[in-house]
Amino acid sequence: MHTVGELLRQWRQRRRLSQLDLAIAADVSARHVSLVETGRSRPSADMVLRLADQLDVPLRERNRLLLAAGFAPRYPERPLDGDALSAARDAIGRVLSAHEPYPALAFDRRWNILMTNRAVDRFFAGVAPDLLRPPVNLVRLGLDPRGLASLVVNLADVRAMFRARIRRQLATAPDLELTALYEELLAPGLDGEAGDSIEPESDVVIPMVIRLDGRELRLFSTITTFGTPMDITLAEVAVESYYPADAESAAYFAEARP
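For the sequence shown, my numbering gives the first residue as -16, with consecutive numbering after it.
Treat the hints loosely; a few may be bogus.
Claimed, not checked - Derived CB-CB ranges, DEER-like:
hint : residue 1 : residue 2 : range
1    : 64        : -14       : 20 to 26 Å
2    : 115       : 163       : 17 to 23 Å
3    : 73        : 237       : 23 to 29 Å
4    : 133       : 231       : 17 to 23 Å
5    : 205       : 235       : 16 to 22 Å
6    : 213       : 53        : 20 to 26 Å
7    : 167       : 133       : 17 to 23 Å
8    : 7         : 53        : 23 to 29 Å
9    : 148       : 233       : 34 to 40 Å
10   : -16       : 199       : 50 to 56 Å
11   : -2        : 73        : 43 to 49 Å
12   : 132       : -16       : 20 to 26 Å
13   : 53        : 13        : 35 to 41 Å
14   : 112       : 208       : 16 to 22 Å
Quick caveat, the hints were computed from the structure, so don't treat them as lab data. A quick note: this is a predicted structure, and the numbers were derived from the prediction, not measured. Think of the CB as a built atom: it goes at the ideal place given N, C-alpha and C, for glycine as much as any other residue.
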């Protein structure tokens, strides 16, 4: 078990801040930060959360900091399909539906798909049934030849984008299960691939090219998250919305409206 001071020091070093940097941001003295990190001063719950806020510590890890300091967790983790999060779940559903005829889906911090809109169905039509048994993992689904990998024309680019995104995610908030997923599917050198370099086809975005119904669709995506969530589940939900990158792809979705 780590002390709260040790955990705070780890997060400060992960964010590449000095004690003085953190002290200035949190409006406390550098000496106080040093005393907390070395265990010579026991911080209050409010001080723990003030420092955690400046270090951009995820809500799940803020609870861990509070427990290490001897306080009760502050942030609940309720199921997305429960009554307490019904308004948030409905909001996600409206966002997904409003994006039709283009595909969109919601997933958690480990890339397990939580919800999709109807436009996603045609992409899943030929996927092996075992890959669609919950929890359906978007990374595994996207890279498995029995999943979506057989449809992706520029699979090396897509794998490199997954790799870069999950590396950034792990740098922000380490997670053992996500690390295991990365090492299984995305570690450099797998499948004979050299690494992360990809040549962008434009100076705007790198599209994902999918061959579906005899046509090549070029898509790019955006990510939406909840602002100022106070629940761990909501803090870890992301909605990825896909858009056509050219007129031909837009025409396909207009014709194939759910």
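Earlier hints that do not hold, by number: Failing hints, ascending: 1, 9, 11, 12, 13, 14.
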